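Peer 1: Residue-level listing of the chains:
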Amino acid sequence: MDYLIRLVQMHETFRKPELDALADLAGLDVQWLSYSLASPFAIVRFPPGIDTTVAARTLISRSLLCNAIYELWGTGTDYTTLHADIRHRTEFLWPHYRDVSFRFELDSFHGSRTTAEQRSIIETFAYMDFQGPIVMNRPDHQFRVFEDSELIGTTPHALHLGRLVATSGRKAMNMYNLKKRRYIATTSMDAELSLITANLAQAGPGRIAYDPFVGTGSFPLACAHFGSMVFGSDLDGRCIRGKGDKTVQSNFEQYGTSTLYLGGLVADITNTPLREERLLNCVVCDPPYGVREGLKVLGSNRAVLQDVVYLADGKQAHLQPNYIPPKKPYSFLRMLDDILDFSATRLVDGGRLCMWMPVAGAVDLDDHSEAQAVKDAEYEIPRHPALELVAVCTQDFNKWSRRLLTYRRAPGESVDEDAMLAYQAQRLTVANMEDDGKKADDLNAFRRKYFQGFKNATV
Amino acid sequence: MKLLTLNFLTCARKTCKSNAAAFPLHPKEAELEQVETDMNPLFIKNILPRLDWEAMKTLTTELGLPNLPAETPSDEELATDGEPSQTAKDLHTLLMETSIQSGKLVCGNCEHEYAVKEGIANFLLPSHMV
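Here the protein sequences line up with chains A and B, keeping their order. If you count the first sequence from 1, position 274 lands on 274 in full-length UniProt numbering, and the numbers rise without skipping. If you count the second sequence from 1, position 26 lands on 26 in full-length UniProt numbering, and the numbers rise without skipping.
Worth flagging that the hints you see were computed from the coordinates, not collected in a lab. Hints may contain errors.
What the hints assert, rightly or not - Heads up, simulated DSS-like pairs for lysine-lysine below, C-alpha to C-alpha not over 27 angstroms straight-line:
{"hint": "1", "chain 1": "A", "residue 1": "Lys439", "chain 2": "A", "residue 2": "Lys399"}
{"hint": "2", "chain 1": "B", "residue 1": "Lys14", "chain 2": "A", "residue 2": "Lys179"}
{"hint": "3", "chain 1": "B", "residue 1": "Lys14", "chain 2": "B", "residue 2": "Lys104"}
{"hint": "4", "chain 1": "A", "residue 1": "Lys315", "chain 2": "A", "residue 2": "Lys243"}
{"hint": "5", "chain 1": "B", "residue 1": "Lys14", "chain 2": "A", "residue 2": "Lys328"}
{"hint": "6", "chain 1": "A", "residue 1": "Lys438", "chain 2": "A", "residue 2": "Lys296"}
{"hint": "7", "chain 1": "A", "residue 1": "Lys296", "chain 2": "B", "residue 2": "Lys28"}
{"hint": "8", "chain 1": "A", "residue 1": "Lys243", "chain 2": "B", "residue 2": "Lys14"}
{"hint": "9", "chain 1": "B", "residue 1": "Lys104", "chain 2": "A", "residue 2": "Lys296"}
{"hint": "10", "chain 1": "A", "residue 1": "Lys439", "chain 2": "B", "residue 2": "Lys14"}
{"hint": "11", "chain 1": "B", "residue 1": "Lys104", "chain 2": "A", "residue 2": "Lys246"}
{"hint": "12", "chain 1": "A", "residue 1": "Lys315", "chain 2": "B", "residue 2": "Lys104"}
{"hint": "13", "chain 1": "A", "residue 1": "Lys327", "chain 2": "B", "residue 2": "Lys14"}
{"hint": "14", "chain 1": "A", "residue 1": "Lys327", "chain 2": "B", "residue 2": "Lys57"}
{"hint": "15", "chain 1": "A", "residue 1": "Lys328", "chain 2": "B", "residue 2": "Lys28"}
{"hint": "16", "chain 1": "B", "residue 1": "Lys45", "chain 2": "A", "residue 2": "Lys328"}
{"hint": "17", "chain 1": "B", "residue 1": "Lys57", "chain 2": "A", "residue 2": "Lys315"}
{"hint": "18", "chain 1": "A", "residue 1": "Lys399", "chain 2": "A", "residue 2": "Lys296"}
{"hint": "19", "chain 1": "B", "residue 1": "Lys17", "chain 2": "B", "residue 2": "Lys89"}
{"hint": "20", "chain 1": "B", "residue 1": "Lys89", "chain 2": "B", "residue 2": "Lys14"}
{"hint": "21", "chain 1": "B", "residue 1": "Lys117", "chain 2": "A", "residue 2": "Lys315"}
{"hint": "22", "chain 1": "B", "residue 1": "Lys17", "chain 2": "A", "residue 2": "Lys246"}
{"hint": "23", "chain 1": "A", "residue 1": "Lys438", "chain 2": "B", "residue 2": "Lys14"}
{"hint": "24", "chain 1": "A", "residue 1": "Lys296", "chain 2": "B", "residue 2": "Lys57"}
{"hint": "25", "chain 1": "A", "residue 1": "Lys243", "chain 2": "B", "residue 2": "Lys57"}
To be verified - Sample of chain A residues at the chain B side, in silico, Cβ under 7 angstroms:
{"hint": "26", "residue": "Leu28"}
{"hint": "27", "residue": "Leu262"}
{"hint": "28", "residue": "Val266"}
{"hint": "29", "residue": "Val308"}
To be verified - From chain A, some residues computed to sit far from chain B (all C-beta separations above 12 angstroms):
{"hint": "30", "residue": "Leu260"}
{"hint": "31", "residue": "Arg278"}
{"hint": "32", "residue": "Gly299"}
Given the structure is predicted, the values throughout are model-derived calculations rather than measurements. Every residue gets a Cβ at the ideal spot worked out from N, C-alpha and C, and that includes glycine.
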């Protein structure tokens with residue numbers, strides 16, 4: 001049988017990539033029979049020869065962007081065709097459901113029905129001849145009639161009937177709600193999106209996830225929710241250490257996942273202490289956009305700091321316990337490149353990198369005009385020869401938007417060596433370009449546009 | 001930081017990365033803490049191929065912890081009759097329950113010392129080492 005997925009009608013571009021990532025993680029070959037960004041109903045088919053009920057449950061159990069999955073009993077453009085399709089698909093099943101307790105519901109997307117209308121619609125299914133008791137609370141089987149309407153329309157253009165198989169993992173977003181989290185900061189990623197990111201990264205039991213911009217730990221917390229072992233680093237040790245009983249560690253204790261938290265490190269992505277061995281399964285991060293503070297990296301442009309600094313009493317400054325190393329401005333594009341290279345050298349085959357990236361101006365995927373082409377070129381999706389781009393998801397904020405980029409580490413043998421050499425050479429050229437003396441705005445086009453209020457963002 | 005973290009860490013200096021002596025980092029004046037946690041046999045099994053066994057042995061010796069077996073245990077040695085074996089339990093205690101609260105991590109190549117405070121290691125380098 002086919003299955004109907006009731007999706008949520010938000011974060012639309014994230015929905016299919018999330019389910020595809022979960023299907024891939026579970027080794028399921030899902031065939032999408034119908035899917036549209038404009039509709040919360042998708043129909044899928046599982047390959048023959050497997051227990052499809054188990055497959056449906058597995059696919060959906062972790063998902064954030066759907067509510068539930070239903071066995072599809074029928075579909076149609078109006079009630080006449082719907083009833084005919086139900087008869088055609090499921091007549092042989094009706095006797096099985098004759099004596100069980102059941103419940104019928106109506107789910108009207110972009111529309112509403114009065115109780116009387118709902119009742120009369122449900123009564124039209126009487127021909128299925130269910131004789132069991134009608135139970136509202138925990139019935140044996142739940143059936144749901146779905147109506148899909150246009151935003152400003154009077155009659156639904158598509159109807160479905162489904163039997164509930166499993167509900168999704170969406171409850172987790174209430175548990176991880178930032179309002180209830182002990183320790184957060186100004187840029188903590190909201191619960192829903194961090195859990196989605198963990199799904200796209202395929203975090204899971206027995207795997208290791210790393211966040212190079214850990215902050216208050218939103219992404220590692222989400223990955224640990226799905227059973228992954230996690231650790232992370234940040235250039236600013238204060239946010240990992242927190243204050244008093246509000247620390248990253250305390251967040252893990254709040255959710256009961258501190259056994260999965262390996263620890264936090266104070267470190268910089270350009271001088272990372274991680275070994276150059278391919279040991280990680282997931283790299284998840286929301287790198288700084290450089291708006292609140294300019295991007296910083298270890299090092300200094302001042303000549304006097306290029307050598308060991310001695311204090312007045314002859315001691316070496318960097319060996320003092322309260323020493324704070326100098327930092328210099330860092331280009332946004334170089335940071336993205338560094339994240340990609342870091343991931344390519346440390347992810348196992350098939351391991352995933354999920355990275356957020358801000359874009360000035362709203363992204364219009366249907367706009368093929370020249371102005372849009374110019375804009376796309378400016379915010380080109382960073383590429384790496386050893387990383388395959390899996391999905392691009394966009395969250396729109398009117399004047400700006402951000403993308404969640406998901407990459408998969410290509411198996412070692414499939415990476416083109418020439419492309420790799422060319423890439424390394426190009427990285428060296430960029431690294432040798434003089435960033436010295438440049439201000440944060442020169443190094444970060446997004447920051448510059450942000451402070452110009454995104455005027456002429458397309459120019 | 002849990003001891004397992006040390007399996008992933010080396011010196012932050014670029015010049016040390018390719019040098020075998022930089023891994024593992026050597027704990028110095030380390031104050032250890034043990035917190036009992038539930039065991040996850042699947043994780044131990046999955047992490048085993050990624051462990052640098054020689055480095056783990058060096059660490060246990062340096063920290064004065066019970067010695068590990070000479071060779072990486074096989075999958076069969078991790079479970080007896082479906083129950084986690086003593087070897088698996090020992091590994092769990094070492095990697096997941098033992099953590100460094102404070103002290104120093106020293107690079108075996110350049111001898112730079114990284115401080116660990118409140119369980120968080122600081123790998124920031126002064127500008128002359130970047």
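Peer 1: State for each hint whether it applies.
Peer 2: Outcome of the hint check:
1. A:Lys439 x A:Lys399: 24 angstroms, holds
2. B:Lys14 x A:Lys179: 41 angstroms, violated
3. B:Lys14 x B:Lys104: 20 angstroms, holds
4. A:Lys315 x A:Lys243: Violated, at roughly 31 angstroms.
5. B:Lys14 x A:Lys328: 18 angstroms, holds
6. A:Lys438 x A:Lys296: Distance of about 12 angstroms is within 27 angstroms: holds.
7. A:Lys296 x B:Lys28: Cα-Cα ~30 angstroms, so violated.
8. A:Lys243 x B:Lys14: 32 angstroms, violated
9. B:Lys104 x A:Lys296: 26 angstroms, holds
10. A:Lys439 x B:Lys14: Holds, because 26 angstroms separates the two Cα atoms, which is no more than 27 angstroms.
11. B:Lys104 x A:Lys246: Answer holds: Lys104 (chain B) to Lys246 (chain A) is near 25 angstroms, not above 27 angstroms.
12. A:Lys315 x B:Lys104: This hinted pair holds, its Cα atoms lying about 19 angstroms apart.
13. A:Lys327 x B:Lys14: Distance ~17 angstroms between Lys327 (chain A) and Lys14 (chain B) Cα, so the pair holds.
14. A:Lys327 x B:Lys57: 37 angstroms, violated
15. A:Lys328 x B:Lys28: 31 angstroms, violated
16. B:Lys45 x A:Lys328: At roughly 43 angstroms apart (the allowed maximum being 27 angstroms), Lys328 (chain A) and Lys45 (chain B) break the hint.
17. B:Lys57 x A:Lys315: Outside the cut-off at roughly 36 angstroms; violated.
18. A:Lys399 x A:Lys296: It holds: about 25 angstroms lies between the C-alpha atoms, which stays within 27 angstroms.
19. B:Lys17 x B:Lys89: 32 angstroms, violated
20. B:Lys89 x B:Lys14: 36 angstroms, violated
21. B:Lys117 x A:Lys315: Between Lys117 (chain B) and Lys315 (chain A) the Cα gap is close to 22 angstroms, so the pair holds against 27 angstroms.
22. B:Lys17 x A:Lys246: 34 angstroms, violated
23. A:Lys438 x B:Lys14: Roughly 24 angstroms separates the two Cα atoms, so the pair holds.
24. A:Lys296 x B:Lys57: 38 angstroms, violated
25. A:Lys243 x B:Lys57: Violated: Lys243 (chain A) and Lys57 (chain B) sit about 36 angstroms apart, past 27 angstroms.
26. Leu28: This interface hint is violated because 20 angstroms lies over the 7 angstroms limit.
27. Leu262: 5 angstroms, holds
28. Val266: 4 angstroms, holds
29. Val308: 6 angstroms, holds
30. Leu260: Check fails; 8 angstroms does not lie beyond 12 angstroms.
31. Arg278: The claim is violated: Arg278 (chain A) sits with its nearest Cβ about 9 angstroms from chain B, within 12 angstroms.
32. Gly299: The assertion about Gly299 (chain A) is violated, with a minimum of 4 angstroms to chain B.
Against the hints set out earlier in the document, violations occur for numbers 2, 4, 7, 8, 14, 15, 16, 17, 19, 20, 22, 24, 25, 26, 30, 31 and 32.
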